[in-house]
Amino acid sequence: MIEILSSMSGSVWKIEVKENDVVEEGDVLVILESMKMEIPIESTHAGVVSAIKTSEGEFVQEGDVLVQITTD
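Numbering (this note's numbering), first residue to last: 39 to 110.
Any given hint could turn out to be false.
[Stated by the list, open to error] Label pairs and their calculated CB-CB ranges:
#: 1; residue 1: Gln99; residue 2: Val60; range: 24 to 30 Å
#: 2; residue 1: Met73; residue 2: Thr109; range: 29 to 35 Å
#: 3; residue 1: Gly101; residue 2: Glu62; range: 22 to 28 Å
#: 4; residue 1: Trp51; residue 2: Asp110; range: 29 to 35 Å
[Unchecked claim] Taking lysine to any residue and the SDA-like style, the derived pairs with C-alpha atoms no more than 20 Å apart in a straight line are:
#: 5; residue 1: Lys91; residue 2: Ser47
#: 6; residue 1: Lys52; residue 2: Glu41
#: 7; residue 1: Lys52; residue 2: Gly101
#: 8; residue 1: Lys52; residue 2: Lys91
#: 9; residue 1: Lys52; residue 2: Val103
#: 10; residue 1: Lys91; residue 2: Glu54
#: 11; residue 1: Lys91; residue 2: Thr108
#: 12; residue 1: Lys56; residue 2: Ile77
#: 13; residue 1: Lys52; residue 2: Asp65
#: 14; residue 1: Lys52; residue 2: Met75
#: 15; residue 1: Lys52; residue 2: Glu80
#: 16; residue 1: Lys91; residue 2: Asp59
#: 17; residue 1: Lys52; residue 2: Glu96
To be clear, the hints were calculated from the coordinates, so they are not data collected in a lab.
Cβ atoms here follow ideal geometry from the backbone N, Cα and C, with glycine treated the same way.
Modelling step: build the complete structure from the supplied sequences, incorporating the hints.
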């Protein structure tokens with residue numbers, strides 16, 4: 039299982055995927071808002087979204103788990 043982590047602290051502006059979605063490396067999973075900028079968080083691996091560990095509007099810290107992906 040791959041954990042996609044927040045690269046910085048900020049608010050979760052939008053979640054672009056849902057559980058069981060198939061994703062490819064580079065797909066945008068979550069968009070954070072920090073210092074009035076939108077920061078896309080991309081998938082580092084191809085696989086299936088097994089869990090979303092955050093919600094829109096939630097404040098996250100650098101290193102927090104946002105999404106879990108199961109790979110083949």
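When the structure is checked against the list of hints, which entries are broken? Sort them ascending.
Failing hints: none at all.
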